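> Put chain B with the ligands on the given structure of chain A with help from the hints.
So the sequence lines, in the order shown, correspond to chains A and B. Taking numbering that gives the first Met the number 0, I'd label the letters of the first sequence as residues 0 to 255. Taking numbering that gives the first Met the number 0, I'd label the letters of the second sequence as residues 0 to 434.
The calculated lysine-lysine pairs, modelled on PhoX-like cross-linking and capped at a C-alpha distance of 25 Å, are:
id	chain 1	residue 1	chain 2	residue 2
1	A	K100	B	K8
2	A	K185	A	K213
3	A	K21	B	K346
4	B	K1	A	K100
5	A	K154	B	K8
6	A	K195	A	K87
7	A	K100	B	K423
8	A	K154	A	K213
9	B	K8	A	K145
10	A	K87	B	K423
The following label-pair restraints were derived from C-beta to C-beta distances:
id	chain 1	residue 1	chain 2	residue 2	range
11	A	G139	B	L4	21 to 31 Å
12	B	V357	A	E193	55 to 65 Å
13	B	K8	A	D148	20 to 30 Å
14	B	F321	A	G34	56 to 66 Å
15	B	V378	A	D148	52 to 62 Å
16	A	K21	B	S179	52 to 62 Å
17	B	L404	A	R121	39 to 49 Å
18	A	D70	B	P354	33 to 43 Å
19	B	A322	A	N52	52 to 62 Å
20	B	F321	A	N52	49 to 59 Å
21	B	I22	A	D148	18 to 28 Å
22	B	F321	A	G35	55 to 65 Å
Since the hints were made in silico from the structure, they are not lab data. Please read all numbers here as calculations on a predicted model, not as lab measurements. Where a beta carbon is used, it is the ideal one built from N, C-alpha and C, also for glycine.
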Amino acid sequence: MREIIRAENVRKTFTLSRKQRKLEKNPSGRKVALGGLSFTAYEGEIYGLLGPNGAGKTTMLRILATLIRADEGDAFVNGHSVAREADKVRSSIGFLTSELKLEDFFTPDYLIGFFGRLHGMREDVLAARKAELFSRFGIGEFAEVKVGDLSTGMKQKVSIAVSILHDPPVIIFDEPTNGLDVLTAKTVTDFLLEEKARGKSIVLSTHIFSLVEKLCDRVGVIIGGRMAAEGTLAEVSGTKPLEDAFFDLYAEAVRE
Amino acid sequence: MKNILTVVKKEFARFFRDRRLVIGTLLLPAVLIFALYSLLGSVFYEEDEHYTARVVHPSALFAALAGAAQGAEGEAGEEAAPLFALQEAAEADIPAAKEAVLAGECDLLIVFPENFDALLAGGVLPAPAAEASSALSAPATGAAPGAAETPASETPASETPASETPAAPNVEIWYDSGSSSSVAAYNAAYSLLDGLEDSLSGLFDVNMSAGGSLVSQAEAEASYYAMLLPFLILTFLYSGCMGLAPESVAGEKERGTIATLLVTPIRRGELVVGKIVSLAALSTLSAVSSFVGTFLAMPQMMGGSIGQTIAAYSVWEYLALFAVMVSAVLLIVTLISMVSSYARSVKEATSLAVPLMVVVMLVGISTMLFTVPSAAHAVFLIPLYNCVQVMAEIFSLRFSPVNLLITLASNLVYIALLVWLLTKMFQSERVIFNR
Ligand SMILES: Nc1ncnc2c1ncn2[C@@H]1O[C@H](COP(=O)(O)OP(=O)(O)OP(=O)(O)O)[C@@H](O)[C@H]1O
Ligand SMILES: [Mg+2]
Numbered sequence: 000m001r002e003i004i005r006a007e008n009v010r011k012t013f014t015l016s017r018k019q020r021k022l023e024k025n026p027s028g029r030k031v032a033l034g035g036l037s038f039t040a041y042e043g044e045i046y047g048l049l050g051p052n053g054a055g056k057t058t059m060l061r062i063l064a065t066l067i068r069a070d071e072g073d074a075f076v077n078g079h080s081v082a083r084e085a086d087k088v089r090s091s092i093g094f095l096t097s098e099l100k101l102e103d104f105f106t107p108d109y110l111i112g113f114f115g116r117l118h119g120m121r122e123d124v125l126a127a128r129k130a131e132l133f134s135r136f137g138i139g140e141f142a143e144v145k146v147g148d149l150s151t152g153m154k155q156k157v158s159i160a161v162s163i164l165h166d167p168p169v170i171i172f173d174e175p176t177n178g179l180d181v182l183t184a185k186t187v188t189d190f191l192l193e194e195k196a197r198g199k200s201i202v203l204s205t206h207i208f209s210l211v212e213k214l215c216d217r218v219g220v221i222i223g224g225r226m227a228a229e230g231t232l233a234e235v236s237g238t239k240p241l242e243d244a245f246f247d248l249y250a251e252a253v254r255e
Numbered sequence: 000m001k002n003i004l005t006v007v008k009k010e011f012a013r014f015f016r017d018r019r020l021v022i023g024t025l026l027l028p029a030v031l032i033f034a035l036y037s038l039l040g041s042v043f044y045e046e047d048e049h050y051t052a053r054v055v056h057p058s059a060l061f062a063a064l065a066g067a068a069q070g071a072e073g074e075a076g077e078e079a080a081p082l083f084a085l086q087e088a089a090e091a092d093i094p095a096a097k098e099a100v101l102a103g104e105c106d107l108l109i110v111f112p113e114n115f116d117a118l119l120a121g122g123v124l125p126a127p128a129a130e131a132s133s134a135l136s137a138p139a140t141g142a143a144p145g146a147a148e149t150p151a152s153e154t155p156a157s158e159t160p161a162s163e164t165p166a167a168p169n170v171e172i173w174y175d176s177g178s179s180s181s182v183a184a185y186n187a188a189y190s191l192l193d194g195l196e197d198s199l200s201g202l203f204d205v206n207m208s209a210g211g212s213l214v215s216q217a218e219a220e221a222s223y224y225a226m227l228l229p230f231l232i233l234t235f236l237y238s239g240c241m242g243l244a245p246e247s248v249a250g251e252k253e254r255g256t257i258a259t260l261l262v263t264p265i266r267r268g269e270l271v272v273g274k275i276v277s278l279a280a281l282s283t284l285s286a287v288s289s290f291v292g293t294f295l296a297m298p299q300m301m302g303g304s305i306g307q308t309i310a311a312y313s314v315w316e317y318l319a320l321f322a323v324m325v326s327a328v329l330l331i332v333t334l335i336s337m338v339s340s341y342a343r344s345v346k347e348a349t350s351l352a353v354p355l356m357v358v359v360m361l362v363g364i365s366t367m368l369f370t371v372p373s374a375a376h377a378v379f380l381i382p383l384y385n386c387v388q389v390m391a392e393i394f395s396l397r398f399s400p401v402n403l404l405i406t407l408a409s410n411l412v413y414i415a416l417l418v419w420l421l422t423k424m425f426q427s428e429r430v431i432f433n434r
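Here chain A stands alone, though its shape is the one from the complex (with noise of 0.2 Å):
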């Protein structure tokens, strides 16, 4: 199988502002988000980052995106180097954060057309894939309603559809199904499901145990910016359901 994306040994430490110094009670000022992190996904397959609040995991996919650069290691989406080619790297990824925000202002209609140009898509192709997701998702009703008075729901379809707009070979989605009512997240687990039949490679980050049970062909488990265990579910959560497996992951890095 081909290696799609692959991270050696990236490491990333913040340092924080006077407010989160005191937010955080840590006086040295340095936080220490990735600390060599290393895993591979394979073409084709849904991979899963698992892993607690501050684990790192957006952290992490923001380096894949090439939104920050990692202080040592590197990472290769596709083949290309995220520190070296971040061009190409986002011409091939589709990302999604909760970070990542549309402006109010504008209509989805007129915000797919913007990031259709900005991805050099031609008009007449950009038209035909603007319908084709506008029935995926259902934005049609809303097309023309400002973003701004959209409920989270449209909202999130709206950015999953300006950010797999380009029809990339790479799908990057942090959390995707967070705050979302049981309908919208199955639209959404409903689309990776599909796209990963259309022969795409995706990675998403989550804290929720299901939805890699559900998804994921392979999950890396992260714990304090490290990787406790990476695999199939079969070889990560052996006989124990996944929710124990990660519980003695913990308990493990704890001690550690």
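The following block gives chain B with the ligands in isolation, referenced to the frame of chain A:
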């Protein structure tokens, strides 16, 4: 390049589709400035004012002059009211007339020496007997110099009379320094008498009706504009930019919409240039709105003859002005954008831009304080200050192409440098993601 255009289009759409923004930045400045300046103008410059003065020992010569002054301002053919309504008063009424001035019943009390007209006609230190009836035959050019010592030193205070020089006859003008119409009347009367004095000393011919030749008037106004307009232009550009850039840069950062752009293949530099170009264009529009307001109010402000001054500048001077303004607005926009991308929120960006505004305004008033000799070319390497000085040169009709070129070229370098820095800032995660 295409991406820059896409960003510019989006920024324009953001602006022009938002009715509140359009009204707030394009319409309101014009309306508010027009209203404000018109108000100020009507306070400071009372165009249709006619003054009432009580006159002791009335002078027919002065009365004729006061009528002539009005004749010059009124439209031809119309029967214009005289500038001064003169009421004769007896010497004994002087205390009562002073009370009337203070009470606002009349604007001035003018006390001429007895037989003033005769004194003028007769020459130096006339005898009381000189009651020549030829007094009215306007001041002959050959009148002896220094014949009439007209009000050289009227006192500003309302209650102290002018110093009485015993030798030369003196005209006393009493006015109320607390009343603007009285002060204006004083100024008008003073200038009439002063002109009369000048003409009698043989410095000028008797030509009281017009303010001199056309060119000198345009030049006088030009130097006035050279002082005022660079400051106004800079202030308008800055405030236009202040209303837009923090919202567009710090706002997008604060709301997390800029990160969405950063995961697309657009280059940071393209995003920065797109933002700068659109912000500069919109700030210019906003400044233009302020200008329209100013120009519409100008006639009220200054007694209206900007038409002549506007026509005094050539196409080249307007082009030069435009180029300087573009470089100024680009400098300002990049500066405020840098401050805004450093700030964590719109609020912080706005408060950080205020000290910068003070600096810019100080630079703007530098033309009121001093002008740089045109030969001091090195001065035109100082960003923003060079814009102000070149604009002052253009407005005062003494503009030097060398200084213009130095200004434009050096500003281009500064702008390129700032855009490069701004791109670096957009690449830095600590700038874009700090919260
Ligand atoms: N910009 C930043 N500045 C300072 N510290 C940061 C920054 N971003 C993340 N961190 C810290 O790095 C650690 C990892 O954060 P990260 O967001 O990657 O965790 P996560 O696994 O996504 O958690 P969650 O489930 O809460 O989303 C946390 O302790 C967080 O406080
Ligand atoms: Mg996270």
